[in-house]
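A.B. asks: Bring the two chains, given one by one in their own frames, into a single complex with the hints.
Below are the chains, spelled out letter by letter.
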Amino acid sequence: MTYQIELDRVEKHYGRFHALKEISLAIPKGQFVALVGPSGCGKSTLLRSIAGLERITSGTLRIAGEPVNDLPPRKRDLAMVFQSYALYPHMSVRDNLTYALRLKGVSRAERARRAEEVAAVIGLETLLDRRPRELSGGQRQRVAMGRAIIRQPRAFLFDEPLSNLDAALRVRMRKEVRALHDRIGATSVYVTHDQIEAMTMADHVVVLQAGRIEQQGTPMALYDRPANRFVAGFIGSPAMNFMPGVIAGDGRAVRLALPGNPVLETAIAGTPGLEVEVGIRPEHMVLGPLDAPHAVPLVVSAVETTGAASYLFTEGEPELIVTTEGTAAIRADDTIGVSIDPARVHLFEPETGASLRSAKL
Amino acid sequence: MSGAVTNRVLLAVALALAAVYLFPLYWMYVTSLKTQSSIFAVPPEFLPGAPQWDNYATIWEVANIPRYIGNSLVIASGVTLITALIGSGCAYVLARYRNGWIDAALFAVLMLQVLPPSLMVTPIFVGFASVGLLEYPRFATILAFSAKTMPFFVILCRAAFMTVPRELEEAALVDGNSRVGAFFMIVLPLARNGLLISALLVFMNGFGEYVYSASIIADNRLQPASIGMTNFLQPNVVNWNAIMAFAATYVTPILAAFVLLQRQIVNGLTAGALK
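First to last, the sequence lines map onto chains A and B. Going by full-length UniProt numbering, 35 is the number at position 35 of the first sequence; the sequence numbering is gapless. Going by full-length UniProt numbering, 13 is the number at position 13 of the second sequence; the sequence numbering is gapless.
The following block holds chain B by itself, in its conformation from the complex (with noise of 0.2 angstroms):
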């Protein structure tokens, strides 16, 4: 088989896989613009006849998305901050140290990565009740929830990190400048882009985060969009244009700022990878 052709059966496969991976999105916007009965039409209708716009403005006031999307925004910014100031101290170091303990500790970071939030839940949720941390939910969940983002964030960081030629670093020490004055003039300059997207993704991560709020999070008035969405979902109804409006409300703007930043992300994310 020539390379153009195999070009061509890679490119249909992955538009393909795209199209699978995608349509939940699509069907997402649909459902959200359609009326009760048209939702369990047969056979489907794949553009709804007559938008009901109307849907967002109801969602908006019934279901208090403000306040969700408050909380939402709360949780996400509390684990970047906490994640990107300890994190990338820690990035620094892992990645300009070279010994049997960094090479540990490394190993320990990629466990962590691999432990899932709700096997982590149930342990975490007796020790924050026991020091009595359930009393301010949110910031429990953002404690919660940057432990799980650190590793990630370290790795990612680390790579940004490894990018920058120690050199530069001496030579700022010979010109003068101290070791704190070093990273911060010469080292978080460079790294800067590979910071910025990590952080970016954490607070993604952070912004749909359900696990920690759902299990730490009793106050409605606490809770984020990801558990806000849930109140539609009732034992006898099912509000399903409702919740799909919500949703679309809720991953439009992340939406929106991935396909804006996706050449940057991409970039920071294989960062490294080739030096």
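Only chain A is shown next, with the shape it has when bound in the complex (with noise of 0.2 angstroms):
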């Protein structure tokens, strides 16, 4: 199978600086691929890397099956949109759509037709003379996507376009950017440091730390078996709580370091007396009766509403965030009992912070 895009152990350093770190990636043709993880994990750098702004160290990229290492951006043919969106600030909204088809030789003709059909998906008719400094950061966002579209691009190349936005419009560009996607059968790369718009728009989550790759899978094989701590604690929000355990009983249980010294079976098979690292979503910690069989008694020292849901932060080491639907009737300094599903526990080596369950799976 040939993929669209296609990294296989690609290094990049900037001087003494090691950026990417043995990066392979298998992107097919039509898929939304999201990179996503902390500033100066390299994600922009790798994006940068596909587009051709920066030289790779080693590896190889190929794009549609042909190795692209030497080629200059402008023979890769793929799209790419700004996080500022580099609009060119002394041309119009037109001419901006239109400037790579211009330097492609495409008629004068077939470029106006081009340009009023782009305009109508995005909605910016009649728009098309004005200059960028004219619009608003949404209409500007939309001339960038349309100058991205028009070309009709090998790939789409998104450098957190998305974050200069204000709250409400960033969650309605979520959907239209990947309904663009659909409607075009385009192959998207998308860079962001926000979970929530990797989860959400992407079929595939790559998550980068310090060059490396952590972990990359759907979005729901990331949050329900993440590979290590570092993805557990990344996906998710609010993040996981994570606390120390140590593995009892058969090797098919674990004793938890909470109020009460909870023992949870879990299908999660240890060395009897290892210490790991106990993960659990602050979703997967369910209220209940304080006497409950189970429950852990817990004090709370902070409640943050937002209405839909309520986080109860509770007091001692380590703190832990429990997430109840609506509003609770909790304040600071009761005590609530927290029962936990053992099928959602996840457990972590405490040196190397890799998942147990994968280990053995």
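Derived by calculation from the structure, the hints in this document are not laboratory data. Keep in mind the model is a prediction, meaning the values are calculated, not measured. Just so it is clear, CB atoms sit at the ideal spot from N, CA and C, and this is done for glycine as well. Careful, some of the hints might be misleading.
Derived SDA-like pairs (lysine to any residue); straight-line CA-CA distance at most 25 angstroms [stated by the list, open to error]:
1) Lys-75(A) <-> Gly-181(B)
2) Lys-75(A) <-> Phe-183(B)
3) Lys-75(A) <-> Arg-166(B)
4) Lys-104(A) <-> Pro-67(A)
5) Lys-104(A) <-> Ala-19(B)
6) Lys-104(A) <-> Phe-183(B)
7) Lys-104(A) <-> Glu-167(B)
8) Lys-104(A) <-> Gly-208(B)
9) Lys-104(A) <-> Ser-178(B)
10) Lys-75(A) <-> Val-93(B)
11) Lys-29(A) <-> Gly-15(A)
12) Lys-21(A) <-> Thr-218(A)
From the derived model, a few chain B residues whose C-beta atoms are all more than 12 angstroms from chain A [what the hints assert, rightly or not]:
13) Ala-4
14) Ala-18
15) Trp-27
16) Ser-37
17) Ile-65
18) Asn-99
19) Leu-119
20) Met-120
21) Asn-177
22) Ser-178
23) Gln-262
Here are some of the chain B residues that sit facing chain A, going by a computed Cβ distance under 8 angstroms [what the hints assert, rightly or not]:
24) Pro-165
25) Ile-186
26) Leu-190
C.D. replies: Here you go:
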């Protein structure tokens, strides 16, 4: 199978700084891939390397099966949407949209036709003769998208395109960008530091940290089976709770360092006596009566309410977060009973951070 | 002291300084219209009683003004052309890269700016003489003075280029442009104002150039106006009204250009300073 974009052990050094470490990634045609990670993790460098704005130090980069390591950006036939939109300020919206076509030598009439067509798709028909500085942030964002679409490139590259928009517009554009991707059957690589954007938009999510791919897979695979502590903590909001624990019984149970030292029967096998780090997502800790079997008594230190859900922060070390639906009638200093779904528990080796589950699977 | 009073005092100081600086200019115009005798009148005449417009007609013919100003134009244009062609490329590189070598280069460029022409003219003269450049005195002057204006131009242009975001260039590269194409289609149009203003300042500098022309150009027919003016200074007679008429003819076009473009010039000089 030939992939639309394929990276094979790609490395990038800036002098002594090792920015990308052995990146291997295969993107089939039509897929929406999100590169996500904290700032400085190399996600933008990776995108810029695909675009050809950075030269990779070693490894192979193929686009539609053809190695492009030595090709300049203009010969790669990719379109890129920049975080700052990078609209040409001295050109009208129409000229911004058709700039690439003009460079390709497309006739004036054809350019005008395609500009109208794309303007209709992105809803900017009436603004074609404006200059970028006369547009709002959302409109500029659309022009940047239109400039990419009009070329019908082999793939779209997005570098945090929504981060300059306000929250409401960002949520709307998230859906629109994805809908656009599906409608034109594009292949997209989308860089973001926002894991919610990655989870909601992408078919395939790649989590990067310190220049290395920590894990890649479907959004739900990353959520349900994080390969290590980093991915477990990065994906999901609010972030996963971590606490120390010890493998107990015949190796299929874990004793938590929580009040009452509860023992959970897990589906994960380990060596009895092994110290592990236990991860439980806030939404998998269920509020219940204090006298229920296995209920852990916890004291609440603070409550945050969003309306749809409430986040309860607990006292003690480590601080835990418990999510409940709706607005809870719970105040600070109340004691709550929390039951933990043993099937939703993740175990990690304390030193390497690797998931015990993935070791056994 | 309240803000309004402070402002007024500062304005008064500014006006006083401007008056001191502009008085010679005024005196030049007034003197150019006086008769020989009224120049030395005591007390001095601040307005000429009978303006002698003939002074201008006389020097236009006698002093070969068209030839001198023509030479000045040739030198100024040559200097501007060479400085702009070489300097803008240099400024672009200095604006786009950031490392130790670039810092060293910038420091060197600033040092060049410090050296006065009167210090440089002797070594340049000797050097040019040994390679035969003095055979073409105007060209030699252009070369020598271009070296002087280059640092100034490079520093100003670098600021202009730095106001153009790098991402615009990258967008053009991804859109299918080459590096050179992106420079000419995106960077140059956006930095145009800064470049034009810098070039204009270089041109005005070249138009008034004196030190190099005085040393390098011996032939009277090739000398620029700045030298031509001194021909009126003779050991026994100094023709003040003729010199002033010559000077007025020489600087008025420059002054006019400066006044017309002053808003853009100020913008160009400060562009990039705030970002």
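A.B. asks: Run the distance test for Lys-21(A) versus Thr-218(A): straight-line Cα separation, threshold 25 angstroms.
C.D. replies: 22 angstroms, holds
A.B. asks: Does Ala-18(B) clear chain A by more than 12 angstroms, comparing its Cβ with all Cβ atoms of that chain?
C.D. replies: 36 angstroms, holds
A.B. asks: Starting from Lys-104(A), check that the Cα of Phe-183(B) is at most 25 angstroms away, please.
C.D. replies: Holds, because 17 angstroms separates the two Cα atoms, which is no more than 25 angstroms.
A.B. asks: So, Leu-190(B) near chain A? Judge it on the closest CB pair being under 8 angstroms.
C.D. replies: With Cβ-Cβ at 6 angstroms, under 8 angstroms, it holds.
A.B. asks: Check the hint pairing Lys-104(A) with Gly-208(B) against an upper bound of 25 angstroms on the C-alpha distance.
C.D. replies: Since the Cα atoms of Lys-104(A) and Gly-208(B) sit roughly 48 angstroms apart, the hinted pair is violated (cutoff 25 angstroms).
A.B. asks: Minimum C-beta separation from Ile-65(B) to chain A exceeding 12 angstroms: can you confirm that?
C.D. replies: Label holds. Min Cβ-Cβ 42 angstroms, cutoff 12 angstroms.
A.B. asks: Test the statement that Ser-37(B) is away from the interface with chain A: the closest C-beta pair must be farther apart than 12 angstroms.
C.D. replies: Fine: 60 angstroms to the nearest Cβ keeps Ser-37(B) off the interface.
A.B. asks: Hint check: Lys-104(A) vs Ala-19(B), CA-CA at most 25 angstroms. Holds or violated?
C.D. replies: 59 angstroms, violated
A.B. asks: Holds or violated: is the Cβ of Asn-177(B) farther than 12 angstroms from all Cβ atoms of chain A?
C.D. replies: 6 angstroms, violated
A.B. asks: Was Trp-27(B) rightly flagged as not at the interface, with every chain A Cβ beyond 12 angstroms?
C.D. replies: 46 angstroms, holds
A.B. asks: Between Lys-75(A) and Gly-181(B), does the CA-CA distance stay at or below 25 angstroms?
C.D. replies: Distance of about 14 angstroms is within 25 angstroms: holds.
A.B. asks: Please verify whether Lys-104(A) and Pro-67(A) have alpha carbons no more than 25 angstroms apart.
C.D. replies: Holds, at roughly 22 angstroms.
Checked against the numbered hints listed earlier, the structure breaks hints 5, 8, 11, 18, 21 and 22; every other hint is satisfied.
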